[in-house]
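Chains A and B, in that order, give the protein sequences. The letter at position 178 of the first sequence is residue 178 when you use this note's numbering, and the numbering goes up by one with no holes. Each number in this note's numbering corresponds to the 1-based position in the second sequence with 1000 added.
Hint data in this document are derived by calculation from the structure and do not stem from the laboratory. Warning: the hint list may mix true and false statements.
[To be verified] The following residues of chain B were derived to be distant from chain A, with all beta-carbon distances above 12 Å: (1) ALA1151; (2) LEU1188; (3) ILE1215; (4) PRO1379; (5) ALA1495.
[As the list claims (entries may be wrong)] Quick look at which bits of chain A chain B covers, simulated, 3 or more residues with Cβ under 8 Å: (6) 170-180; (7) 419-428; (8) 510-523.
The structure presented is a predicted model; accordingly, all values stated were derived computationally and were not measured. Quick reminder that beta carbons are idealized off the backbone N, C-alpha and C, glycines included.
There are 2 protein chains.
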Amino acid sequence: MANPLVDDRGLSFVLYDVLGAADLARLPHFADHGRETFDAWIDLCRRFSRDVLYPAYRPLDEDPPVLVGGAVKVHPLLREIWPRMCELGVIAASRPFEVGGQQIPATIALAANLYLMAGNCAAYGFAGLTSGAAHLVEAFGSPALRERWLAPLHEGRFAGTMALTEPQAGSSLSDVRTRATPSDDHFLLSGSKIFISGGDQDITENVVHMVLARIDGAPPGTKGVSLFLVPKLRLAEDGGFEGNDVSVPGLVHKIGWRGLPSVILALGESGDCRGWLVGEPGRGLAHMFQMMNEARIMVGANGVATASVAYLESIAYAKDRPQGRSVTDRNPLSPQVPIVEHADVRRMLLRQKAIVEGGLALVLQAALQADLAAHAPTPEKRRRAQLLLDLLTPVAKSFPAEKGFESNALAIQIHGGYGYSSEYLPETWLRDQKLNSIHEGTTGIQGMDLLGRKVMADGGGALSILGEEVASACARAARAGVDPLWIEALGRATADVGALTMELAGRGMGGDVDAMLLHSSDYLELFSTVVVAWLWLLQAAAAKEALAEARGHPDMLQGKLAAAAYWLRFELPRIGPLVATCREGEDSYARVRPEWF
Amino acid sequence: MANPLVDDRGLSFVLYDVLGAADLARLPHFADHGRETFDAWIDLCRRFSRDVLYPAYRPLDEDPPVLVGGAVKVHPLLREIWPRMCELGVIAASRPFEVGGQQIPATIALAANLYLMAGNCAAYGFAGLTSGAAHLVEAFGSPALRERWLAPLHEGRFAGTMALTEPQAGSSLSDVRTRATPSDDHFLLSGSKIFISGGDQDITENVVHMVLARIDGAPPGTKGVSLFLVPKLRLAEDGGFEGNDVSVPGLVHKIGWRGLPSVILALGESGDCRGWLVGEPGRGLAHMFQMMNEARIMVGANGVATASVAYLESIAYAKDRPQGRSVTDRNPLSPQVPIVEHADVRRMLLRQKAIVEGGLALVLQAALQADLAAHAPTPEKRRRAQLLLDLLTPVAKSFPAEKGFESNALAIQIHGGYGYSSEYLPETWLRDQKLNSIHEGTTGIQGMDLLGRKVMADGGGALSILGEEVASACARAARAGVDPLWIEALGRATADVGALTMELAGRGMGGDVDAMLLHSSDYLELFSTVVVAWLWLLQAAAAKEALAEARGHPDMLQGKLAAAAYWLRFELPRIGPLVATCREGEDSYARVRPEWF
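Make a model of the complete structure from these sequences and hints.
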């Protein structure tokens, strides 16, 4: 049987039984929808991914793009895939009807995207980037820009990119140097960008780059950075298109996502690269960051999807591959058992399951809060959801990337020697996964964002809201008859995190920001463990409810309880020493001097 | 500056200041040696690796072997490298003078090999495999076999392989099916082997396969497996060589170690493949396992070497790459700082350092015990060393593989977007490293070996010896003025491990082997953390001693203290929840049924 990419029953369980996403249709904005249209959309994408994207996965990995005469040629299969993916409506699925979208909740769009990403992250990448660029134009572009660019982006006639990074400005975007010189209704851009995913290809008529640049005379730092729309081809006077002095001097050879080109862009080498300001001057980074929750949750979703497909592959392998016998079976003539019968293999599978399905609940929970933040009926509910979304975002971005990488490595391990060969797919997913801890803000940056900004937001309000959610999950679990020890463990861990956070906040407010942030990566790790424990307790509660009512598939529900047990009993206690170290302020790496290495 | 592969000062410090390896020269077997010859050998290999092996690393990775007309063609650079490596004397360095070796202690040979492996694991692999095959012939071969095969193997005119694995017999070697039918002075072999590293190439005159096979009529299982020497070419009647019906139907495309072919071998497809029995019939696995400590420590050494070269690469990058400013610097005009100035980057570097240099001390300590087990003056000392070696082996094999993989991933992370490209080398080392958790017994198997056999050996005697070593390290650390909290932490952790082990042993002796082994992987992890903490405490003690006597390089010594602090204060406490879970017997993955996944 072909790899299912994502477990259908488990996804439906998390969406509807755990998170109650069907209720989104009660919000006026989603009134034209209901569980039927949600499921129909997910099913469309699921089938498209299984039938079209996934079969192209290995070919795209094996033959990455090439640069020929200054133009990027991508895998020829993308010429067939791209129009079909656009026709499906993937790019604008969650955008409002008024701009040609289907007004599907972000939660449902994300659920569907999980299949697309699990099937072929590189092929989906073109659509994801185009969505992101279009959303920027929709949110901040002038009516003229929206009129001109939105439809072809949504239709996929043009593709979009995010052109932020420069050789000297990666994590530090305030150091962007690309210049924008005012000229008539536009600006003349000049500079160099690097790592621009989808920065050129031969599958769309045009490419629309969303470029960060500095208007002449702008102040240094963040406040001098503006956002521009810079097309590869611009409208010519004759109504056709002409070159816009955007060239591709080179390709980056990525180790994963190999179907999606990563290019170096040279803007204005002949002094004739035109860009149009999007939003306000000096607000480029702010505009970008308004999209950042969305972008980071998509990275998290990719982490989940990439771990999911590998997890499902390792289950199939473990059930199929005979090797060895039980430790107590001394009879060499007894047949070998499938390796899933070995406890240590099940340990690895259960760990993968806990990471994949904990991560899946996490990114869907974040997307749900995004829907509520935008469309909940009252300002108070919207505000609450926004705070929770902001708090969950660094976790949703980094947990699937970091633990997903571990999970992807376990998929190789379960495949043994075969897993170490390119005849089998787990190694490709491991390579894909590594990107997710780097792009859209490294894991280190997520840790500083969480501890330095998010948990402190609103005077600790965000953390209180999370506490309320945990309390409500504990109450639900108690009603459903979940093991009281699990509930107690989550309650205690949440209290520990709260107390630790107050203590660290005190250090920051006392003026010692370095001391507050010293263990931000460790804090991120322990905080993420607790958040995922909350989502596993919710899943355990929903599983117990379903079992009591004889709803749902018993094997799937028992699996949920097993994974919940693993996370709550095995993984959650591991935060103890991390909390202690953060509190104690163990400072070996703060004190170490560069010359000591 | 080119990557130094291994830190020279740090290696010398561990060898001589921490482990006192110079004292090996006092043993009669090594009487012709002294620190000067030790250092000379290490230096020879170091320079050879820096000048010859490392420059060929990327080329070998980029152009892996191909199969042409049934013969494997390896990278042409190997034709230049191989004779030089043989001439250096790498293959037989640690073998006795009487068989043409240099009688160098295993400890020193391993230290030198670290450079060779860090420079080019694939190129070194040919020599390592040849050493292993020759050692089997030396230890178990008849005088006739030794006479015929040992010299050309040691000289590198022939290369050796280990032909154990079959498609249905990987981790479970007792399921080997290759047949050996008696015929005159030899056996006729028939069967298929897979994943045979160096199984064919075009750089030596001949290839000598050490093959596990089953003599006709042999009992099933382990006791029916014998060891054979099966050459690619056999001696013909005319005194020349002729084909021996060993063919290569295919190559495995490994994701790392790509310069070293991994082949499928077909033995006796024409019924004319001759093999010669090595050792006793039915003792093939036992003979192999007598070499297993050696082989597994070499895997551990490879894990250390592969993590070392990547660690050194990330230090150089972190000191060179400017990006961002300190969290408290709000002036966008101030120059960017090298990323090593960011605490979170130093955290990653210090974690790499602690893993690499902790692992280095671990594999050298194991090799030292191997030297003592073979050559210590009294039977009691030899026995003690053997027990400690046996106990350390699963740790030395798996810790560098597992934590080294994490360390290699951190090297990519530190390189950011550049690390995700094949323009930079960290991704190649990550691929290389993954093999080490798989070959020569997976990590899961090491866990079962440690808990099921090694810590129980000699009625717990091995564990007592480790306890004595820890106590002696604590005493040394106390004398040297190491922070008493660190000493206390190690003492407590060691006691915890002892108590846990007794408890688990009790379960096993009570007849419930499954319960004893339930958490063997977790036990391996916590046990390894404690063992490495012991080695870090020893390094801290030696650093304090040197600082007090104004010996050694102060920066290097301060770095040792910082890494020791990190391991003892941050990493060691993390065993707490693992110990609790093992004791408690959390059984989610034991109970989970295959159909629940």
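Verification of the hints:
1. Interface exclusion of B/ALA1151 from chain A stands, the closest Cβ pair being 32 Å apart, more than 12 Å.
2. For B/LEU1188, the shortest C-beta to C-beta distance to chain A comes to about 24 Å, beyond the 12 Å cut-off, and the non-interface label holds.
3. Every CB of chain A lies more than 12 Å from the CB of B/ILE1215, the least distance being 15 Å, so the non-interface label holds.
4. Annotated as non-interface, B/PRO1379 keeps its C-beta farther than 12 Å from every C-beta of chain A; the closest such distance is 33 Å.
5. The Cβ of B/ALA1495 lies farther than 12 Å from every Cβ of chain A, with a closest approach of about 17 Å, so its non-interface assignment holds.
6. Against chain B, the stretch 170-180 of chain A contributes 5 residues with a C-beta closer than 8 Å to a partner C-beta. That satisfies the three-residue criterion, and the hint holds.
7. As drawn, the stretch 419-428 of chain A meets chain B at 6 residues by the rule of a beta-carbon pair under 8 Å; at three or more, the given contact holds.
8. A stretch counts as covered by a chain when three or more of its residues have a beta carbon under 8 Å from one of that chain; for the stretch 510-523 of chain A and chain B the count is 6, and the coverage holds.
Hint compliance for this structure: every hint is met.
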